[in-house]
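Mind docking chain D on chain X? Use the hints.
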Amino acid sequence: MTTQDFFIKWGVYGLALLPVWFCQVFLLNRLPFLPLVPMLLPLAAVSVAVLEGAVAGGGFGLAVGILCDAVQFGTNGAMTLGICVAGIAAGALAQYLLRQNLLGCLLCSLLALIAIDGVRILGRLFWGSGELSAMLSLAGREILISLIFVFPVYALFLWVYRRVPKKTVL
Amino acid sequence: MKDFFRRNGLLILIAAILLALVTAVVSALLGGTADPFSNLANILTTPVRNGINAVVNWTEEKYSDAFEQEQLKQENEELKKRVSELEEKEREYEAALQENERLRNVLELRPKERSFDELESAMVTARETSNWASTLTLSKGSAQGVEVDDTVVDEYWNLVGVVAEVGENWCTVRTLIDSDTELGGQITRTGGAAILEGDLALMGDGKLKLTFLPENSQLMSGDLVTTSGRGGVYPSGLVAGRVEEVRTDASGINEYAVIVPETDLDNLKQVFIIKDFTIVE
Chain X
10 MTTQDFFIKW GVYGLALLPV WFCQVFLLNR LPFLPLVPML LPLAAVSVAV
60 LEGAVAGGGF GLAVGILCDA VQFGTNGAMT LGICVAGIAA GALAQYLLRQ
110 NLLGCLLCSL LALIAIDGVR ILGRLFWGSG ELSAMLSLAG REILISLIFV
160 FPVYALFLWV YRRVPKKTVL
Chain D
48 MKDFFRRNGL LILIAAILLA LVTAVVSALL GGTADPFSNL ANILTTPVRN
98 GINAVVNWTE EKYSDAFEQE QLKQENEELK KRVSELEEKE REYEAALQEN
148 ERLRNVLELR PKERSFDELE SAMVTARETS NWASTLTLSK GSAQGVEVDD
198 TVVDEYWNLV GVVAEVGENW CTVRTLIDSD TELGGQITRT GGAAILEGDL
248 ALMGDGKLKL TFLPENSQLM SGDLVTTSGR GGVYPSGLVA GRVEEVRTDA
298 SGINEYAVIV PETDLDNLKQ VFIIKDFTIV E
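So the protein sequences, as listed, match chains X and D. To convert, take the position in the first sequence, counting from 1, and add 9; that gives the numbering used here. To convert, take the position in the second sequence, counting from 1, and add 47; that gives the numbering used here.
Chain X on its own, in the form it takes in the complex (with noise of 0.2 Å):
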């Protein structure tokens, strides 16, 4: 793959990635029907990294990382880190346990958004704010809810993927 191939193939990506932001940003906070946010921007970190492996997942995470510290308050460099970690894990799990399809996807993202929110409530018990019940209701339910976006996230991606040149090398 060329120079030129490789940055045409990742600008993809980041296009791709500019309407789950804007769903994850602007859209579903406002509807009144959805109970609550669902967690897009790791999603798409995952369903990347399950199509693409666990170098480019790493990769494409620290810039969804980067993204979500931006517009989540009180973040403070966690996400980038998180996400970053989650991609990686999510692509070597694919390429070397599971399958690179949509069941493997759902299983990586499980697994990743267990593990955000899983640091999110070790964090919040260390500094002592919010009780652990409250947090295992709203992490289990706000899991459930992201989910079922999965769906969704993962076609977007694995349409740009069988659309982009395939080998990577960084």
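FYI, nobody ran anything at the bench for these hints, they're computed from the structure. Backbone N, C-alpha and C define an ideal beta-carbon position, used for all residues, glycine too. One should not assume that every hint holds.
Some but not every residue of chain D turned toward chain X, in silico, with C-beta under 7 Å [said to hold, decoys possible]:
hint	residue
1	ALA63
2	ALA71
3	SER226
Taking lysine to any residue and the SDA-like style, the derived pairs with C-alpha atoms no more than 25 Å apart in a straight line are [unchecked claim]:
hint	chain 1	residue 1	chain 2	residue 2
4	D	LYS109	X	CYS32
5	D	LYS254	X	THR12
6	D	LYS316	X	LEU45
7	D	LYS316	D	GLN191
8	D	LYS120	D	GLU107
9	D	LYS322	D	THR93
Relative to chain X, chain D alone:
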């Protein structure tokens, strides 16, 4: 996994760790001032936020014009009745005010003063994207003199929240139901002081709690709770909400009251930032 380490995977991981550390340290050092990356991202997305906000407001206006006319008529009738009741109360209040002034003069007390010298009007341009906090992004920032800990109210002087992070032309307000909110409250009917506190379990329902209730407080449903202003950081007398019910906490020893905010956090469009105030009780 060898492949991962061979193909720059480790470099990406190190970059992520370093970036996260730098962001955490910069955020801690800057206090409430936004870190440069968040500031840039929010400045760049300001036109998008404003545009979407305009479209959403227009759509809501059209929807209410089309489908909520009957409800608005009924609301108008109720408000007319309420205005006449309040006008009667205002006459009584005027008389009490004059009596209060006379008595203060007799006792040679310093006259009461309550002025909000610098108010900044701002539009709500974005809402929280995570379920773990309750914040609003406003259209004014450090360029307009907004500072961390400035209090934010709606057009009826109901408390909305407190500025938690300031960027160049935007700021983030931690609303009063956010689980990290903690400020002095006062029960208007009894005069008792307590603490207004956000709670993760209540935040989803748009409520907060009133803790450290005074002994024998005998709270009643509908009791008004305002800010106490103790400590001088936030002004006193801003309406926080009304008592819904009194509950006992998990330990079974302490009681707390569930408070329903007076402000309509879900439908706020315009708010006012109190940049400076003088209050003499």
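So, going through the hints one by one against the coordinates:
1. Satisfaction of the interface hint for ALA63 (chain D) is found here, the shortest Cβ-Cβ separation to chain X being roughly 4 Å, below the 7 Å cut-off.
2. For the restraint placing ALA71 (chain D) at the interface with chain X, the shortest Cβ-Cβ distance is roughly 4 Å, inside the 7 Å limit, so the hint holds.
3. Among the interface hints, the one on SER226 (chain D) holds; its C-beta lies about 6 Å from the nearest C-beta in chain X, closer than the 7 Å criterion.
4. About 22 Å separates the Cα atoms of LYS109 (chain D) and CYS32 (chain X), which keeps this hinted pair within 25 Å; it holds.
5. Note on LYS254 (chain D) and THR12 (chain X): the hinted pairing is violated, with a Cα-Cα distance of about 54 Å set against a maximum of 25 Å.
6. Between LYS316 (chain D) and LEU45 (chain X) the alpha-carbon distance is near 21 Å, which keeps this suggested pair within the 25 Å criterion.
7. A C-alpha spacing of about 19 Å is found between LYS316 (chain D) and GLN191 (chain D), which places the hinted pair at or below 25 Å, so the restraint holds.
8. Pair hint LYS120 (chain D) plus GLU107 (chain D) holds up; C-alpha atoms about 18 Å apart against a cutoff of 25 Å.
9. Taking the CA atoms of LYS322 (chain D) and THR93 (chain D), the gap is about 22 Å. The hint holds against a cut of 25 Å.
Violated hint for the displayed structure: number 5, the only one.
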